[in-house]
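Asker: Using the hints provided, position chains B and C relative to the given structure of chain A.
Protein chains in written order, with my numbering: chain A, 1 to 313; chain B, 314 to 591; chain C, 592 to 841.
Bear in mind the hints are in silico, worked out from the structure with no lab data behind them.
Note that the structure is a prediction, hence the values are computed from the model and not measured.
Think of the CB as a built atom: it goes at the ideal place given N, C-alpha and C, for glycine as much as any other residue.
Watch out, some of these pointers could steer you wrong.
[As the list claims (entries may be wrong)] Ranges of calculated distance between the beta carbons of each label pair, as one might list FRET restraints:
{"hint": "1", "chain 1": "A", "residue 1": "Gly104", "chain 2": "C", "residue 2": "Lys654", "range": "55 to 63 Å"}
{"hint": "2", "chain 1": "A", "residue 1": "Gly104", "chain 2": "C", "residue 2": "Tyr605", "range": "44 to 52 Å"}
{"hint": "3", "chain 1": "A", "residue 1": "Leu19", "chain 2": "B", "residue 2": "Phe419", "range": "45 to 53 Å"}
{"hint": "4", "chain 1": "A", "residue 1": "Gly104", "chain 2": "C", "residue 2": "Glu785", "range": "51 to 59 Å"}
{"hint": "5", "chain 1": "A", "residue 1": "Leu19", "chain 2": "B", "residue 2": "Thr410", "range": "18 to 26 Å"}
{"hint": "6", "chain 1": "A", "residue 1": "Ala188", "chain 2": "C", "residue 2": "Pro649", "range": "50 to 58 Å"}
{"hint": "7", "chain 1": "B", "residue 1": "Phe419", "chain 2": "A", "residue 2": "Ala188", "range": "19 to 27 Å"}
[Claimed, not checked] Computed footprint of chain A on chain B; a stretch qualifies when at least three of its residues, placed anywhere within it, have a C-beta under 8 Å from a C-beta of chain A:
{"hint": "8", "segment": "416-424"}
{"hint": "9", "segment": "434-442"}
In case you want the letters, here they are:
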Amino acid sequence: MSKKKKLTASLGDKTLRLLTLLMAISVLVLMVWMGWQMFDSARPSIDKFGFSFITGRVWDPVKEQFGALPFIYGTLVTSLLALIIAAPIGLGVAIFLNEMARSGVRSVIAFLVEMLAAIPSVVYGLWGIFVLVPWLRETVEPGLAKWFGFIPLFQGTPLGFGMLAGGLILAVMILPTIAAISVEVMAAVPNEQREAALALGATKWEMIRIAVLPYAKSGILGGVMLGLGRALGETMAVTMVIGNRPDILPSLFAPAYSIAAVIANEFTEATYDLYLSALVEVGLILFVITLILNVFARLLVWSVARGPKGGIS
Amino acid sequence: MHDRLRKYRNRMMMGIFIIATLIALIPLFGILGYVVKNGLSALNWEFFINLPKAMGAPGGGMANSIVGTLIMVLIASLIGIPVGILTAIYLTEYDRTSWLSIGVRFATDVLTGIPSIIVGIVIYTAVVLRMGHFSALAGGLALSIIMIPLIIRSTEEMLKLVSHSIREAGYALGISKVKTILKIVLPTAAKGIITGAMLAVARVSGETAPLLFTALGNQYWARSLNEPIAALPVQIYQYATSPYKEWHQQAWAGSLVLISLVVILNLFARFVFRSRSN
Amino acid sequence: MGQSLSVRKLEAWYGSNQTLKGINMEIIPNQVTAIIGPSGCGKSTFVRCINRMHETLPGTKVKGEIILDGESVYDQDPVALRKSVGMVFQKANPFPSMSIYENVVAGLRLNGMKSKQKLQATAEKSLRMAALWDEVKDRLNYSGMSLSGGQQQRLCIARALAVEPSVLLMDEPASALDPIATTHIEELIRQLKENYTILIVTHNMQQAARIADSTAFFLNGELVEHGPTSDIFTNPHDKRTEDYITGRFG
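Excised from the complex, chain A in its bound form (with noise of 0.2 Å):
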């Protein structure tokens, strides 16, 4: 049998094909090598002070005492203050946009939601130091002082910069993520589940909770998750309403700080190279986290809904 010729690819096909490849490699390699600049740069940190950094609660540059413990705790605290805020909103906001609303109604609302996903960190910020902070500090804080001031929580002076305010400014940043992901992974729900349990004579609420819910719940959690990461490793918004000051407080009136408001504020101020070393190390930390959540998250939401996208309708 004659050798079949097979396709003699043109020099122009050649030339794309390595082209893309380039670039496909590269960018592979971009990660690895991000990756390993972080913990190549931090490795001095990493030996100087070991597992002893993610639990020293001192942070002291003047005295070469680098603890990342309050940074940990301000991320963790503001962050889960959003999701806890932001997930049954951003949940509703799914529901009413996929479930309930006509699509001329859903298209508008679709498009405020993405505005809101749009706002720069920083304007956020600024509408946070202007507005929010004050609402808090005369009236909030007051008035949960007031009626809750028995939960440590809700206790010490309201200064209006600290954990609640980086924690609601975070819930609006990240509401968005959970609701776009929330209304893909609905909308990814096979319509004959809803059907079935219309025709059982459910009301449309029950249809939601029996049909739908039970559904997408891996892919809600992506995309809570994918909400997480967002608001661990937000920085400007928080910087400029936390209060930047690296202490472990019970309530969340006190300033605090977070791993990326410590860098963005005090990375340009590293005077000596252990110093630069501990504010990459607590950088390293934020990327793993911020990798690891990730990852699952995706997992979580492609177990529904193949393929990661980005807007809401």
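Answerer: Positioned in the frame of chain A, the structure of chains B and C alone reads:
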């Protein structure tokens, strides 16, 4: 009786969802409202033309920030858009299944989720320290890293939407693969790809954190790309956290300009895409 | 003028699944040959082997000989081969980013033809051959997608003809069309066979009876019977053919 309870509960839940939506939209209108109100009053000719005036003296502007942002976004786009589109072409047209493509997709995911300040750190240690100074180039590079995964993802999605039958029609006519990709598939997906690019540009225009220690900021005009350069979001941040009232007002004005840019790009992208799907 | 096609011991795989199990067939030039058979019998695969489209799918393998006008198709560069073997698909697939005119001349333009006169002349000729010229001559720069389903399919036929192939492969070209559009396509095929060798895959036996000079019946990857259409339908040799024709399966 039980039915009435169920109906009532249904009504209540539906009401809750509507309320949730309204609650979600309040901050949007709140922020936009304040930005427009406070920003408009501080917006004037001088804002667009003048350089910043020290210590909050009146009459200053943000001209250098606006230009700086445009320059760095341009640098980022010149790197990020080609790399992103070419990678997406690789993933859809040449290799959808191998280990390499899985790895590249994973990397894209990781890069999408990286906090932008981390990007700033990496470029600082790799570029700024090595060069010995802050620069517009470093800032543009940092922004391009943020752009690349966004472009890859949106372009890949658009390319996948092109039905395989179109590619087959091209091959069946005796058209080579490279020409089929460049002259048939890409033009078909063009509108969507452009939309994705516009949204990515809107996104990086507003990024502050990665610029804080790459471009740093500059009170004056940068004379070359190798110098620190001002950027709109960075300037807004510095003004907002300063003690000067004049600068606070300028921060609002700057926010108005920034938000307008972002909203216009988003609206444009939506309209371009809408007309395509019709 | 249409060319002759010889197929010898053609085998094809899709992954581990063997879709063609040794096809031997002589296709007479300037005739319409219909390929009929139940779903999954390999008729589409067969036709896609002829212009080497089958290999563009991942995980496919082909063995055997296909001789087009004396030359083995495997001795040619597939891209070049596909200029002499045209293909029309089940669902019309005009290029969405191009106008009607650009669609028709796409095969020529993208392969380097630059002369505007030649392109326009070829476009008109192909559109006339596809019986579409009168309907679109005043809107050649409208999008290809602005036409009806039947018109789009005729546009695809014109596009395939513009490259001047000698063989035309049609994979269920009318299955997505309404009866009237189908009639147009069938009439077109009757006219085209004067100048082309046409292979048409169809699941519609009445269609085969209407337009095909010879018919081949495929079953489970094998060529069961091949002969003049009238013979196949009135006096089939093989029992399996008879069962299929009379509707006992498929």
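Asker: Compare the structure with each hint and give your call.
Answerer: Now the hints, each set against the structure:
{"no.": "1", "hint": "A/Gly104 <-> C/Lys654: 55 to 63 Å", "result": "58 Å, holds"}
{"no.": "2", "hint": "A/Gly104 <-> C/Tyr605: 44 to 52 Å", "result": "46 Å, holds"}
{"no.": "3", "hint": "A/Leu19 <-> B/Phe419: 45 to 53 Å", "result": "22 Å, violated"}
{"no.": "4", "hint": "A/Gly104 <-> C/Glu785: 51 to 59 Å", "result": "55 Å, holds"}
{"no.": "5", "hint": "A/Leu19 <-> B/Thr410: 18 to 26 Å", "result": "20 Å, holds"}
{"no.": "6", "hint": "A/Ala188 <-> C/Pro649: 50 to 58 Å", "result": "27 Å, violated"}
{"no.": "7", "hint": "B/Phe419 <-> A/Ala188: 19 to 27 Å", "result": "22 Å, holds"}
{"no.": "8", "hint": "416-424", "result": "holds (count 8)"}
{"no.": "9", "hint": "434-442", "result": "holds (count 5)"}
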